[in-house]
Each structure stands twice: as C-alpha cells, then as structure tokens.
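Engineer: So the chains spell out like this:
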Amino acid sequence: MDEKTGQALSWPEVWARFQPFTPFGQRAKRSLAPFVPGQEVAWQESLQELERLINAARHPDWREAVEACLRHLPDVEPILHRLESGEVPGFSEWFQLKQWLWHMHRWAQCLIRQGLNEWICPGDVNRIEACLHKLDPRPHLGPAFRLDDGFDPELADLRRRREACERNIREYREALAREIEQLTGVRRNREGEWVVDRRSPEATKLSAMNALAPVRETPFDVVYHAKPTLQEQEWMAKQERIEERIKEVEAAVLARLAASFRSDIPLMLDWLASVTRFDLQWARLRLSERWNGCRPRRSDGPIRLKGAVHPVVAERLDEQGYTFTPLDLEVERGVTVVIGPNMGGKTVAMKTLGVAVALAHYGFFVPAQYCELPLIPFLAGMIGDGQDAGAGLSTFGAEMARLGELLQRHPGGLLLLDEVGRGTNPAEGAALSAAVTAHLACGEHWAVHVTHHHEVLEVAGIRGYRTAGWKRPPDASVLLRTENWREWIDYRLMPLEPGDEIPCQATAVARLMGMPEAVVRDAERRLVSQRKKSTRVIGK
Amino acid sequence: MLLSRVQREGIDSLAIIGLAKNVGKTTVLNALIAESRSSGVPVGLLSIGVDGEERDAWSGRPKPPIRVPGGTWVATAGTCLDLSGGDWEVIASAPVHSLLGDIYLARSTRPTQVKLAGVPSAEGVRTILRRFQDYGVPLTLVDGAYDRKASASPLLTQGAVLVVGASMGRTLQAVVKKVEETVSIFTLPVVENGLERNAVETALRERALMGVSNGELRSLPFSSLLVDRQVWQAYLTSEEWSALALPGALTDRLTQQMLEIGRPLTLLLSDPTRCFATLPTIRRWYRIGGQIRYLHAVRLVAVAVNPVSPEGFSFDPVEMKKKVQEVVGGIPVVNVVRDAMSNET
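Chains as they are written, first to last, in my numbering: chain A, 9 to 548; chain B, -3 to 341.
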C-alpha cells in the first residue's frame, strides 16, 4: 500500500490506534511488514496465536498482570548491544537491565501459567532468574539495584574501613568542636562553622584560637572552621586512598558483571525478540477487542466481508451520534462495480474494504463479523483528488498516469478506483471508465470501481453492487428541517441486478446541500430538455 | 529548627523558592537536609526546573553541591547517579523525563553528593511526589528554579520556604521592599463565600471565566481576558458583577485594565502563584474597593534570609533579619547559617 492509498483509506489514523506498550514494541511497529502471498501458513499461525491470546486475556487478573509487566519493561536493546560489543554499561543502565529481567521473569511466569509456551519455555524462567541473581547477590531478589557488598569481599572490607575512618574523623571533630565551644561560648552552625559578628568579643576569642581559621568574611561577620590536625589529615589521606580503591573495585565489579553476561546475550536477545513480538500481538489483541474483530480466514477465491466496519469512520460517526452501517461485500478477481446516488456511501464502502484487507494482511483481526480473503500482492487506491501539482499534471492527467501504472502491475492486486474518468468531459470520461472496466473484467486484479457512468454497466462480465440509497425520494424541505439527512439514507450495499440503473438524484442532493433554488430549478429544466432532445433523436 | 517546624505542621512536601538568582536556595536546602540527618528523618529531594547543575543557569557561577546523608531519597536522571553509583540504590524508574534523561528514584547508601536533574512539568512533580509517598518518604523537599514560584503552588506542595538574599537588590531597603511585596501577595485572603468558591472551582475545571452577579454564578462568553479589551470591559460594565474568577494568571496589565473600568469587584484566583501583578498595582485595585482572593492558600512556613551576595557585598545580618521580620508579620524568619549557632550542638 503506498502513501496516497493509505491517506485515502485513513490508514494513518487506523495505524495510530495500534499502540504496543514497550519502547521496543513501538520500534518494531515502525518496521512491521504485511504478510504477502507465499506466507499463508505463517499468516494463519500468527492469527491462531492471536486467537489463543485473546482467549487467555479473558481472565482479568491474568490480563492485568501481563499488562503491568509490559508497561514496566524498559528499553534495554541498546544496553544489550553495548554488552555484546564488549562495553561495560553505566550504573543506571544495570538498574534498567535488572528491571527488564525482573519484569520479564514475571511476564514469563504469567505465560507459563496459561500454557502459552510458544513465547517462552519453562526452562527460560529459571535462566532469567539466574541472570537476576547475577545482579543481586543478596539471598532475596528484589527489583532495586545497588553495588552490594556481596559482589566482592574486598568491597565490603573497604567500605567498613572507610566508615571507620569517617567515624574517627567525625568523632575527633566533634570532640574538638565541643572543646572550642566550651572555650569560646560560640556554637557551630549546621555546616560545622562558627559565624560571629566581627565586632563582637567572641570574634576576638575565635581569632585567637590556633585550631581555627577564617574561611570567609563579610563586612559584618567572620566565618571560622576548625583547621584539620595532623591526626585528622592522616585519616583523611587514608580515607581518600580507600575511596580510590573502592572506585577501582566497583568498576571491576561492573566489568566482571558485563563479562558474566556476555554469554547470556544471545539468549537475552531471543527473549527480547519474543517479548517484542508478544507486545505487538497484545496491541493487536486490544484493537481486536476495541473493534470486536473477527479472525480473517484464508480463501483461495474471493474476498468476502460480512458486517465490516471502517473503525475510524465508525468512531467519528459515533461521536456525532450516528451508527456505521456494516458492509457485506464479496470481491472476486476481475472487476466489481459499485453504483449509487451521491452521498450514498460508495466511497466509504470501498475504504472499508481497503482497511479490512490491509488489517488482515498485517495480522490483525478485522472489524467485521466475518472475513475471508487470499493474501493479495498489493493494495492500491485511486480515491479522491489525485492531482499532482508538483509534477505539473492536472487531476485527470495524474489519474491517468497512476492508473496506467496500476493496470500494468503484475501479479494483480486489490485496486480501489473511485470514478475513473471524472476529471474530463463526460463523454470521454464515460468511454474511458467503461474501457478501463472492460480491461479489468478479464484481468488478474481484484478491482472495485465506483462509478456514475451508466456505460460501465454495459461492460460484459462485471459484477457489482448498488448502495441502497435514499429511503424515499429526498425532499429537501423535510430533510433540512430535521437536519438529520443521514437518517434518510440506507448505506447498505445490495448486489447489482439486471435492470439496475445509475441513480439520477444529483439535483435533489444539490438542493439538500443548500444550492440556490433558482440554480437547481434551472438544472432540472435543462435535464428535462436534454431528455426530450434525446427522445427526439431516438424517435427519428 | 526549621525542619521540626515543618514536621510539626504536618507538611509532607515543601517547596524552596527563591526570589532571585543566587539568593542561597541550595544553602537552605542543605540546611534542611542536615537537620533531617540529625533528626534521623529521611527526606526525598527533587528539583523543578534546571537546578542541580554544577553551575547556575543564569550566572554561570559554580553552585554548591547538594550533600545528602545515607537514606536520602532523590529523583534524578540516571546520568547524575552514575557519577557515584556505589553510593546509591536505584529503586525504581519514574515515567518522567528531564533534560538530562529519564528520572529514577534512588536512595543513598551513605553520605554523598548529588545533582538533581530538573523535572520540567508540574505533572511530573506530582507523579514523583506520589511515588515518594508510596515508598513511605515522610517529607519531600522540592527545590524550585530561580523565579519559578510554581513549585510552591498548593496544588503541588503543602508548604513553602521563601528564600531572600542580598542579591535581590543593592540596598537592604530595596530587598525588604521586595520581600514585603511578595509576602503581601502570598498572604492575601482565601475565598470563604460558597458561591465564589464555586465560581473559581468551575473556572479552573472548565478553563473558563466565571462571574458572580446578583448572587448567581454566570459563565462569561469569552474564555480569557486576552480577547479584545473593549469587548470584555463593556461586558463587565453591563451589569453588577461582584466577583470574577480567572482560570489563569492575574498580571499587572490585566489589573490596570480592570482599574480602567473603575468598578470594584473581587478577583478570584487559584492560588498565589497565579498572581503576577505587583504590589503597587494591587494596592490601587484595593484602593478603589477591589479585592483579590485565592481558592488555595500557600503555607509559608518560613522566610529564610541570606545577607551575603555573591557579587561581593552584604548586609548586616541582624538588621536584615529584623527588617524582614517587621514586614512579614507572624511568619518566622530564619538565617540558616547564623541561627543554628544557638540552636544546635
């Protein structure tokens, strides 16, 4: 599906509703590819897998536990690649890795509990736990991460020695400070400093003390601190040496951790791939529930949809208080023509088909009651105004260029054509429209052609539908009064039957939409005149 | 002691706000942390804005580090914790991002120093405060960025310490005047009338202007007073309004435009952090009979004074404290550098 087709089908809005929980799931979504012909088995297996998940998710507690795990999984992919390349992750990255393993462990347990062993096998639960133990030498595992003493006996010893040094310095300073306070009557602040008014007698006392040195002055105050004694300096130097050694040992601990994880990297990348795939399926599951979707069945024949809904259009209508009319449709290779009055839902029907087919190809359950289809090589639409201003082409020119390309594509795909030939004069437009339909009728595409040209109905070998249309001839005055003109239209698709004709209700619709009455009446007069002329010609 | 006063008042989240750059906010924060160490009460720390960097964002001067005892909780970026990883236990990640990266909740395992990465949004601050509460942290100190009073919003924190310093002005008189203005604005009365309360609650909920006229609550046909001034001025003179609830902030310009109408009414605001009008303008508003009321009050726990400016000048600390005390009424004034001398051992 190209960008133009996607835009016409409101595919970006549909796709935006597909939201994996994890950052790696979001990344995988960006490069997700549709299933293509030749992958029918994998496609059905993926759908079956999704169906199993949907059934399992009916247990609310289980579902909540799974979602909680997914929500908490951090993005460790860059960390795993750094580990793989021999780098040592930073301290907070080890925490992320532990968080990931912690929640992966819970996720894996959830799946094993439900017998969903296709995602992760029971043995892997133990392997994840073993990885967690590498990051937590304490007897009871927890989600937090610290460079625990248990990582290295030297670390524990060094930290004890550092603490002893700190205690010595603290107690020594405390004793010295008390002595100074007793001698001067001045007490320390929270920083262990003595702040005095420089004009006060205390300032004289403090300045006379050899144990003190001024650290800063203002015009009003002098701030003193205790000079470190030789004993204190020794302890501080010792403390500094210990600090340095602690840093070395901590770095060594992290380096050893990195080395110990290196052999686990392939396994962890497998788990990551598995949980990524699961996250995508879980996001599909949530959409399926939102849309009350059905599993697409494989068909080697036509595309069959029953009760299909365009999810975005349906949501918009719902916001406005309207209901989407579900679509029943069958499209075989060749061409399917759709006719009906303006605003009767032809284009929406075509978009609904397009979205359903696209969703099925991306492994989703389809917003429909029933869906069967073959895998189709491509999907392309020519819907709406295809004018390519950049290429200097008119609407018609752009349409013909695009259509020319599409008709030549092989193998055939699903073509959604909205009123071929509408951009040129009616006679030539009708001729082109019929010719294209005739070409498609015996081709290998699954083509759907929405048209207003009655010449198209004369093409041999077409199948088709008409939208049911107005429930009664539109009476603009009634409709405008109710302001609910949608209620007067039946949007269902009815199979085309012999004798069905292109509806002529354009003037009624124009009146309904607010066209000046004089203009509409003039148009109606011209129509009558045209018909008389054609009758005269036929009568000659 | 400042911390024990905060605890006595049952406050579990306290904003430290400065009225200018280099007023000594970090010194006050460190003093509170030091008190938490001596009282054995662990605190949580988070910063709103850009504080926690090595240098002040405005002046470029080196900033004092935030020193924490063991058992202190912090919310900061992973890159800030990586600097001394062995001193921390990382407990959880928070769904909050800062300029320095994702925010983590961590607890210090020993006395150490930390940079606090600024949490840029009020929602982020709320999330972290909730998480700290969940972990049983009894008090969280929120370090506010320069001139950002938002952290003191009663919708975020339960109380605030206002830090004022010599760097706010060249003369003590100028500094004291600024303190008086701020405290006067912060301590304007709260809404008591039920109808007015309803008006401001509705205005905030619906982000719309609400008025009270003849004892009835009425919504105004424009969502803010940023629309054509003549239109809303004409509307406000069209009937006897007694109160007007603003969903946003009150500025000097807006107050002056209200003054042009010449009809006194009560302006209702969410809280003092939404009042950006200056005291002289507010005084003029009161002089014509107008009033300003808040739905939520800010509990100013203390005003902390710092008589020393990093520019190289200082005020007499005794005089500064006395003068500030004179203008702030019953709010305690502290000098965390000097006061401790007589209170701590």
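These aren't lab readings, by the way, just hints derived from the structure by calculation. Even glycine gets a Cβ: it sits at the ideal position worked out from N, Cα and C. Possibly wrong hints are sitting among the right ones.
[What the hints assert, rightly or not] Across the chosen pairs, the derived CB separations fall in these ranges: (1) Gln241/A - Val186/B: 34 to 44 Å; (2) Gly67/B - Ala138/A: 23 to 33 Å; (3) Pro107/B - Arg249/A: 13 to 23 Å; (4) Gln252/B - Arg186/A: 55 to 65 Å.
[As the list claims (entries may be wrong)] Derived list of chain B stretches under chain A, where covered just means 3 residues or more per stretch with a C-beta under 8 Å from a C-beta of chain A: (5) 27 to 41; (6) 111 to 118; (7) 310 to 317.
[Stated by the list, open to error] Residues from chain B that face chain A, not an exhaustive set, calculated with beta carbons under 10 Å: (8) Glu85; (9) Arg280; (10) Ile327; (11) Pro328; (12) Val333.
Engineer: Compare the structure with each hint and give your call.
Structural biologist: Hints, one by one, checked against the model:
Checked against the hint of 34 to 44 Å, the C-beta distance between Gln241/A and Val186/B comes to roughly 57 Å, which is inconsistent with it. Range check, Gly67/B to Ala138/A: about 31 Å between beta-carbon atoms, so the 23 to 33 Å window is met. Between Pro107/B and Arg249/A the C-beta distance comes to about 18 Å, which sits within the given range of 13 to 23 Å. Between Gln252/B and Arg186/A the CB atoms are about 60 Å apart, so this pair conforms to the stated range of 55 to 65 Å.
Coverage of the segment 27 to 41 of chain B by chain A holds in this model, with 3 residues showing a Cβ closer than 8 Å to a Cβ of that chain against a need of three. Note: the segment 111 to 118 of chain B has 0 residues with beta-carbon separation from chain A under 8 Å; the three-residue rule is not met and the coverage is violated. Requiring three or more residues with a Cβ within less than 8 Å of a Cβ of chain A, the coverage given for the segment 310 to 317 of chain B holds, as 5 such residues are present. Proximity of Glu85/B to chain A holds as hinted, the smallest CB-CB distance being about 4 Å (cut-off 10 Å).
Interface hint at Arg280/B: violated, since its Cβ lies 37 Å from the closest Cβ of chain A, which is beyond the 10 Å cut-off. With a cut of 10 Å, the hint placing Ile327/B at the interface with chain A is violated, because the nearest CB-to-CB distance is about 21 Å. Proximity of Pro328/B to chain A is violated relative to the hint, the smallest CB-CB distance being about 17 Å (cut-off 10 Å). Checking Val333/B against chain A: minimum C-beta separation of about 6 Å stays under 10 Å; hint holds.
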